[in-house]
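Undergrad: Please model the complete structure; the sequences and the hints are all you need to start from.
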Amino acid sequence: MKKEVINSEEYFSEKKFWTKLKRYSKKAGASVVYAALLLYYTLQKPEVPKKVKATIIAALGYFILPTDLIPDLLIGIGYTDDLGALSVALVQVAIYMDDEVKGKAKIKLEEWFGRGVDTSQVDKKIEHE
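Residue numbers (UniProt numbering): 1 to 129.
Hints listed in this document are in silico derivations from the structure and should not be mistaken for laboratory results.
Idealized CB from N, CA, C, for every residue including glycine.
Incorrect hints may appear among the rest.
Unchecked claim - 27 Å max Cα-Cα, derived DSSO-like pairs, lysine-lysine:
#1 Lys27 - Lys50
#2 Lys16 - Lys106
#3 Lys27 - Lys108
#4 Lys26 - Lys106
#5 Lys102 - Lys45
#6 Lys125 - Lys51
#7 Lys51 - Lys15
#8 Lys51 - Lys124
#9 Lys51 - Lys102
#10 Lys27 - Lys16
#11 Lys106 - Lys50
#12 Lys102 - Lys124
#13 Lys45 - Lys15
#14 Lys106 - Lys53
#15 Lys125 - Lys53
#16 Lys26 - Lys51
#17 Lys108 - Lys124
#18 Lys51 - Lys104
#19 Lys45 - Lys125
#20 Lys51 - Lys27
#21 Lys27 - Lys15
#22 Lys125 - Lys50
#23 Lys104 - Lys45
#24 Lys16 - Lys50
#25 Lys26 - Lys104
#26 Lys53 - Lys15
#27 Lys125 - Lys16
#28 Lys15 - Lys108
#29 Lys104 - Lys20
#30 Lys16 - Lys53
#31 Lys15 - Lys104
#32 Lys26 - Lys15
#33 Lys26 - Lys102
#34 Lys27 - Lys104
#35 Lys102 - Lys50
#36 Lys108 - Lys50
Stated by the list, open to error - What follows is a list of derived Cβ distance ranges for each label pair:
#37 Lys26 - Lys104: 17 to 25 Å
#38 Val117 - Lys15: 21 to 29 Å
#39 Arg115 - Ala54: 15 to 23 Å
#40 Ser120 - Ser13: 13 to 21 Å
TA: Structural data, given as structure tokens:
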């Protein structure tokens, strides 16, 4: 999957990112959306190194990619590979995710899914040791 993620960098743009999230957020599920938002808001931080930003852009590009390993339209499993790619990036860049990034992601998540969304599965992946 890493090769597909690296080759997906050309597909990332802010417009495509927000369009896909808005259109497919309910279908993708809160975990996928939260992971994508965490990466997006980390990408916005000026102090994040270019190499880290390249990792984020590759993962978000894969998320946006219209044709990936498992088509997103397959109910129940379509976003599994997207969450996998996002998770790999989350672990690699977790050190740059602070409370501000998490807060912004959770606010946006609440807008789309309502209060009380369980983010613990994703939060565990990014806990700082």
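Undergrad: Compare the structure with each hint and give your call.
TA: Results of checking the hints against the structure:
1. Among the hinted pairs, Lys27 with Lys50 is inconsistent with the structure: their alpha-carbon atoms are about 32 Å apart, more than 27 Å.
2. About 20 Å separates the Cα atoms of Lys16 and Lys106, which keeps this hinted pair within 27 Å; it holds.
3. The suggested pairing of Lys27 with Lys108 holds, with an alpha-carbon distance near 16 Å, which does not exceed 27 Å.
4. Our distance criterion of 27 Å between C-alpha atoms is met by Lys26 and Lys106, whose separation comes to about 15 Å.
5. Between the alpha carbons of Lys102 and Lys45 the distance comes to roughly 13 Å, so the proposed pair stays at or under 27 Å and holds.
6. Distance hint between Lys125 and Lys51 is fulfilled; the C-alpha atoms sit about 20 Å from each other, no more than 27 Å.
7. The hinted pair formed by Lys51 and Lys15 meets the criterion: a straight-line CA distance of about 22 Å does not exceed 27 Å.
8. For the hint linking Lys51 to Lys124, the alpha-carbon distance of about 24 Å falls within 27 Å, and the restraint holds.
9. In summary, the hint linking Lys51 to Lys102 is supported, as the alpha carbons are separated by about 21 Å, within the 27 Å threshold.
10. Proximity of Lys27 to Lys16 is assessed by CA-CA distance (about 17 Å); at most 27 Å being required, the pair is judged to hold.
11. For the proposed pair Lys106 and Lys50, the alpha carbon gap of about 25 Å is at most 27 Å, so the pair holds.
12. At roughly 12 Å between alpha-carbon atoms, Lys102 and Lys124 fall within 27 Å of each other, so this suggested pair holds.
13. At most 27 Å may separate the alpha-carbon atoms for a hinted pair to count; Lys45 and Lys15 meet this at roughly 18 Å.
14. For the given pair, Lys106 sits about 21 Å from Lys53 by alpha-carbon distance, which is consistent with the 27 Å threshold.
15. In summary, the hint linking Lys125 to Lys53 is supported, as the alpha carbons are separated by about 18 Å, within the 27 Å threshold.
16. The straight-line distance between the Cα atoms of Lys26 and Lys51 is roughly 31 Å, outside the 27 Å bound, and the hint therefore fails.
17. Using a Cα cut-off of 27 Å, the hinted pair Lys108 and Lys124 holds, with the two alpha carbons roughly 19 Å apart.
18. Proximity of Lys51 to Lys104 is assessed by CA-CA distance (about 23 Å); at most 27 Å being required, the pair is judged to hold.
19. As the CA atoms of Lys45 and Lys125 are separated by approximately 20 Å, the hinted pair is consistent with the 27 Å bound.
20. The straight-line distance between the Cα atoms of Lys51 and Lys27 is roughly 31 Å, outside the 27 Å bound, and the hint therefore fails.
21. A distance of roughly 19 Å separates the Cα atoms of Lys27 and Lys15; the hinted pair therefore holds under the 27 Å criterion.
22. For a cut-off of 27 Å, the pair hint linking Lys125 to Lys50 stands: about 22 Å separates their Cα positions.
23. With a C-alpha separation of about 12 Å, the suggested pair Lys104 and Lys45 falls inside the 27 Å cut-off, and the hint holds.
24. Taking the CA atoms of Lys16 and Lys50, the gap is about 21 Å. The hint holds against a cut of 27 Å.
25. Of the supplied pair hints, the one linking Lys26 and Lys104 holds, its CA atoms being roughly 19 Å apart against a limit of 27 Å.
26. Using a Cα cut-off of 27 Å, the hinted pair Lys53 and Lys15 holds, with the two alpha carbons roughly 17 Å apart.
27. For the suggested pair Lys125 and Lys16, the alpha carbons sit about 26 Å apart, so the restraint of at most 27 Å is met.
28. Between Lys15 and Lys108 the alpha-carbon distance is near 16 Å, which keeps this suggested pair within the 27 Å criterion.
29. Between the alpha carbons of Lys104 and Lys20 the distance comes to roughly 18 Å, so the proposed pair stays at or under 27 Å and holds.
30. Between Lys16 and Lys53, the direct Cα distance comes to roughly 17 Å. Compliance with the 27 Å bound is thereby established for this hinted pair.
31. With a CA separation close to 18 Å, the supplied pair Lys15 and Lys104 stays within the 27 Å bound.
32. Proposed proximity of Lys26 and Lys15 is supported: the alpha carbons are some 19 Å apart, at most 27 Å.
33. For the given pair, Lys26 sits about 20 Å from Lys102 by alpha-carbon distance, which is consistent with the 27 Å threshold.
34. A distance of roughly 21 Å separates the Cα atoms of Lys27 and Lys104; the hinted pair therefore holds under the 27 Å criterion.
35. Taking the CA atoms of Lys102 and Lys50, the gap is near 21 Å; set against the 27 Å cutoff, the hint holds.
36. Distance hint between Lys108 and Lys50 is fulfilled; the C-alpha atoms sit about 25 Å from each other, no more than 27 Å.
37. A hinted range of 17 to 25 Å for the beta carbons of Lys26 and Lys104 is consistent with their spacing of about 20 Å.
38. Judged by the Cβ atoms, the range 21 to 29 Å given for Val117 and Lys15 holds: they are separated by roughly 25 Å.
39. Separated by about 35 Å at the C-beta atoms, Arg115 and Ala54 break the suggested range of 15 to 23 Å.
40. Restraint check, Ser120 to Ser13: a C-beta distance of roughly 31 Å breaks the suggested window 13 to 21 Å.
Checked against the numbered hints given earlier, this structure breaks hints 1, 16, 20, 39 and 40; the rest are met.
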